Structures are given as C-alpha cells and as structure tokens.
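Undergrad: Heads up: the sequence lines are chains C and U, in that order. Its first residue numbered 1, the first sequence is counted upward by one per residue in the numbering used here. Its first residue numbered 1, the second sequence is counted upward by one per residue in the numbering used here.
Since the hints were made in silico from the structure, they are not lab data. Note that the coordinates shown come from a computational prediction; the quantities given were computed from them, not determined experimentally. We treat Cβ as the ideally placed atom computed from N, Cα and C, and that holds for glycine. It cannot be assumed that every hint is accurate.
Computed list of chain C residues with no C-beta within reach of chain U, every gap over 12 angstroms [unchecked claim]:
1. Val27
2. Ile44
3. Tyr87
4. Ile107
5. Val219
6. Leu269
Away from chain C, derived, C-beta distances all over 10 angstroms, residues of chain U [what the hints assert, rightly or not]:
7. Ala166
8. Ala195
9. Pro241
10. Val245
11. Ser344
Computed footprint of chain U on chain C; a stretch qualifies when at least three of its residues, placed anywhere within it, have a C-beta under 8 angstroms from a C-beta of chain U [what the hints assert, rightly or not]:
12. 185 to 191
13. 201 to 209
Given next are the chains, with one letter for each unit.
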Amino acid sequence: MPVLRRANSPMLLFLPALLVLAVFLLVPYLNILVMSFRTPGQGIPYAPGWTFGNYTKFFSDWFFIGQMANTLWIGFATTLACLLIGYPVALQLARGSDRLRGLRYGIVLTPLLVGVVIRSYGWTILLGNNGVINRTLIGWGLIDGPLPLMYNGLGIIIALTHVLLPFMILPVMGAIQGIDPALGLAARSLGAGRSTVFRRVTLPLSLPGVQAGCILVFVLSVSAYVTPALIGGLRVKTVAVSVVDALIDTFQWPFGSAMALILSVVGGLCVLAFARATRMKWAAAR
Amino acid sequence: MTTVSLRSLTKSFGGPPVVDKVSLDIRDGEFVSLLGPSGCGKTTTLKLVAGFEWADSGTIQFDGQDVGSLPAEKRDIGMVFQSYALFPHLTVAQNLAFGLETRKTPRSEITRRSAAAMDTVQLAGLGDRYPRQLSGGQQQRVALARALVIEPRILLLDEPLANLDARLRDEMRDFIRQLQRRVGITTVYVTHDQAEALTMSDRVVVMFSGTVAQVGAPDDIYERPVSRAVAEFVGRVNRIPATVVATGPGSCRVRTYLGEVTLQQSTSAAVGHSVDVTLRPEAITLVAAPAEPGAARVVSASYGGGLIDYRVEVATGQTLHVQAFAATRLAVGTAVRLDIRNDSYWLLGSPP
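With the hints as constraints, model all of the structure from the sequences given.
TA: Here it is, written out as structure tokens:
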C-alpha cells in the first residue's frame, strides 16, 4: 500500500525538473522582467529609477514594430516551408519498413549534427552574391546578375528551414506511426481508394503531429539568433538579433530586456492562438 | 446473396507458404469459422478473401465471379477488426456514414440508413459520440454496424471478440450470431477460440500450418475429428491407445486398457495393429464404487463452478480426464467405476 501511494504522487517525479526550471528559467525571466522596467543609463548598463519607457519606445517606433512583423513573417514562412517539405518525408519514413530506413532517418537528422555557426557559414558560401548558387546560375547563362539570396528574409528562411526540418518531420512521423494500420484497412473495406484513405484517415489523424511540429518550428525560428545574424547581416534584423545588439553592443540592458519579453509574449500568443484554432475535438474527447 | 469459393489458395511471405492450397466453398448466408492456433494461416486467408493481400496462386470467387484481381475497396466487403478500427477522429454517425459516402450515397439516404443501422445494434442516440467515449462492447457494435450499413456481399470478422472481457464476449457472441441470421449475410469468422467457433458457426474450418485439417458442422468437428491434432485442438480429449481385434464393413472392434469396444467405424488398419481412439472428458460418468475390485481412483479434482474436472487413475495405471457436473462431488482418493457409452469412443486414423 505505501508503494502504491508513493507511485500515486506524480508531483514527486516532477520535482527535479521543476527545480531546474525554477533556477534556470524562472529566476532569469524575473531578472529580465525587473531589468525591463529600469531606466536606461549613459555608458552604464542602467541608471537608478523605474520606467515604462522601454516598452513605449518599442511600440511607438515603426522600426521596431516592423522588425517584429518581419520576425513573425520569417517564423510563419519557415514553418510553412518545413511543413510542405517535411510532411511527405515524414509519411515516407513512417510507412517505409525497408533496410534503408535507418539511413533515411539519419539523413533527416544531419542538419542537427552540424554546429550552428558552421552550418550558417556554409549557407553564406552557397547563398552569397559571389556564392556557389549565383556563380553557377550566371555561369550557365540563366541569369545576368546575382539573385538576392542573402542579407534578406529569403536567405534566413532557407537556412532556418534546413535546420528546423527535423523538428517538423519527427513529430509528424510519430503521429503517423501511431495510427492503427487497421484503420487504413477498415477504410479500404468501406470502399476508400488510396487517396481517400490519405485524405480522410491518415491526414486528419496526423494533425496532432503537424500541430506539435508547427509550434516547435515556429518557436525555434522566431527565437533563432545565430542563423539570422549571420545570414541577415546588418540589413535584415530579427528581434532576437536586436536584443543581442542592445544587450552586448549598445549596452542598453533595460531596452534589450523589454524587447526580449515582448518577443516572448508575442510568440507565445501566436502559439496559443494557433493551438486554439487547430484544437482537435476528437483528441480531447474522453 | 453471395457464395464464396476458394480454390487452391496459396500465399507465402518469402518463406514456407502461410496459406497452402486452401479450397473452400461457402454457401449463401452461411456462417463459417476459420479456427486454428495463431500462425495457422486463418487471418491470412481472411485477408486474401478481403483483398488486403494478393494470393500467390489459386482463385477467389464471389457468386462464381473471380474477384482475385480486385483490391479490397472494390470487393464490396464488410469487415470487423479485432481492434474495432473505428476512426477516432469521426463521430459514431460519421463512422457509419464513411462507407456510404465512398459509394456516393445521397445524404438523406445516408442519414436514414445510418439511423437504421444504429437501431439494429441497439445504439440509437449515440451518433454524436466519439469512439473513445464508448465502452468496448459499444465500440464493437459500432464496428458491426459500420460494416453492415453498406450492405456488403460478405461479412468478414477477424477475432472481433478477443478484446472483450469474458461476460461481454458471451453476450456479443449471441448478438453477432442473431444479427447474422436476421441479415442473412454470408459470413467468414476468424477465431482461435473453439467455443466461439462451435457455438456460432454453421460450419467450422480447422486449420493447421496453412492447410485445412477438417471442414464440418460443429458437432462433426467435436465428435468426429479426423485427426489427433483436430481432436486435441477442439476441446479436451483423452487419447487412448488401442489394438484392432476385429474388422468388418462399417464397424470394428478394438481392445484398450478400458476393455474391448465395438465401434461403428470401419478402419483400414488390420487386426493386431495399433490405433488411437479418443474419449471426451464429459463422456465418462464416474460412479463411487468403494467395494469394487480393480476400481479407478480420483487423483485430483478442480472445481470450476458448474463443472468439475477430475483426473482419474485406472487400475492399470493410466490417467483420464473426466468432466462432470458439480452436483455430485467426489473427493480425491475416492474409488470409482467408469461408465462409458460405446458410441462415445471415436477411432482416429492409424498413427504413422
């Protein structure tokens, strides 16, 4: 009986994770929250006194609002690209049972095996005005001048899509693998051909995985720093890049903190709205 | 409605054949069970009939018309799966409508037929529920209704009761059988449970390692098994070695440790040869006989509610299983006489 009771208190099992979260997430977040209300200083990180000015500064300047819009756009576009490219791959991986499956699985994970700095520099070599892609296209006579692939949103989206694909593929694959194979057979016994089985059974039942994948990719791309910093350069800045600029280069700790919090809240609201809009009644039904 | 005819159906998955030259004729409206241990090929046979697997050779005909080259979605079958395979993202009503929608049935007719099907399986009013909001038995009935609402040519059931608890299983057994009789649909039922096969079927097909061992009415299978394997798979049985002492047309006489018996079966075995006879545990009646010389003795008794399983040791040392009503109970150690009717013995083919 005591054994049962102990197993029945799941809070105990959460405790280590909660401690880690409290020390390394909650405390820093509170620190940032406090910092975001401090007065900016000259030549020092912050001055004595409190203010809402850091927030009004952000929302009263179209420059920053545009940066936020751009960041969100990069997030949406990257998520969409990962979904369109990743879904067929996930479907293949989930259904395949041949010997090459391990290899294909490994290939999916390769972007994660390369360090972020090296990977991003790799993309600059490919995407630059004098890069492999542009030189090849010019060499073939397909274009006259270089295509703008770097120092813009497109380049960031390409590079982020590359690294974040696994975060879309894996949850979608998991969802598809979780579908009882008998459901497909049942649908066929009821007269459904291949495309109908996909449209009416596989696709809707994979949506929880799609939902999870979209949230992961969106959050990771909106908060990405190294890739946008290296590929966007000085011309295109995401909010995350500006936050680091403010904290490290221009020494504006309060404003940087405010931007970081605004990014978190806006990103969180987007995720919440998405999760609500895509809520699956059947998955919650009990 | 539909007859089904299988001719030398063979299927292997790279190794030895899983289904090996299976031939079977199923009459219109008949309830046929494929019975056998796991791995005997019964489920693969069902999948071949359904069109989920392609046969390596052999033919499958519905009403004399070859369907072997049609995929499952074109065969017009209704199927019930062990896992029920209800679409979790669709309500009960949407599950029922699925097969009608793929057939482009008008909306009003879908509504009418779905409602009728819900009535048939006694689930009226649950159309808006999702499958996981239903009990196992209810899900099972939705699966049945979904398979029947499309009015298929044949109904295929793959161990549909395996996931239900014992009490519900008995209830559903009767329910499925009655429903099948009422609808009159040709039905193939796969099970490893001999009690299910015997109680539900018009005919039982016993399968071992991909081949058909015996086809017959339930009482044929149980009382007149063709082989030791069938006898031992379908219920409990005492196998008794015997020697042929006389043969004749349509009858023979054998000697066993229980004495000599005349059987109303002819045998190809010659006089003096060894054969096997079987005796079902419930065919033996135990009578307490304390004073009798050479009496048998009860060595164990396990109480099972209405019935008791005894093990009895005869004077010559062999043990027999006996099943008796629990109304009269015999203690372990009791000396007993065995009353056995002559026609309870069944002669199996001579052992190799």
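Undergrad: Each hint: holds or not?
TA: Now for the hints, and whether the structure bears them out:
1. Remark: the non-interface label on C/Val27 is consistent with the geometry, its nearest Cβ contact in chain U lying 41 angstroms away (cut-off 12 angstroms).
2. With a cut of 12 angstroms on Cβ distances, C/Ile44 stays outside the contact zone with chain U, its closest approach being about 58 angstroms.
3. With a closest Cβ-Cβ approach of about 17 angstroms to chain U, C/Tyr87 is found to remain outside the 12 angstroms limit, as its non-interface label requires.
4. Non-interface status of C/Ile107 relative to chain U is upheld: no Cβ of that chain comes within 12 angstroms, the nearest being about 28 angstroms off.
5. Every Cβ of chain U is farther than 12 angstroms from the Cβ of C/Val219; the closest lies at roughly 26 angstroms, confirming the non-interface assignment.
6. Residue placement check: C/Leu269 keeps its beta carbon more than 12 angstroms from all beta carbons of chain U (closest about 27 angstroms).
7. The Cβ of U/Ala166 sits about 23 angstroms from the closest Cβ of chain C, beyond the 10 angstroms cut-off, so the non-interface label holds.
8. Once the 10 angstroms rule is applied to beta carbons, U/Ala195 is consistent with being away from chain C; the minimum gap is 25 angstroms.
9. Interface exclusion of U/Pro241 from chain C stands, the closest Cβ pair being 46 angstroms apart, more than 10 angstroms.
10. Against chain C, the non-interface label of U/Val245 holds: every CB pair exceeds 10 angstroms, the least being about 56 angstroms.
11. At roughly 43 angstroms, the least C-beta separation between U/Ser344 and chain C is larger than 10 angstroms, which holds for a residue marked as non-interface.
12. Residues of the stretch 185 to 191 of chain C with a Cβ under 8 angstroms from some Cβ of chain U number 7, which satisfies the need for three, so the listed coverage holds.
13. Only residues whose C-beta sits within less than 8 angstroms of a C-beta in chain U count toward coverage, and the stretch 201 to 209 of chain C has 3 of them, enough to reach three; the restraint holds.
Consistency note: the structure conflicts with none of the earlier hints.
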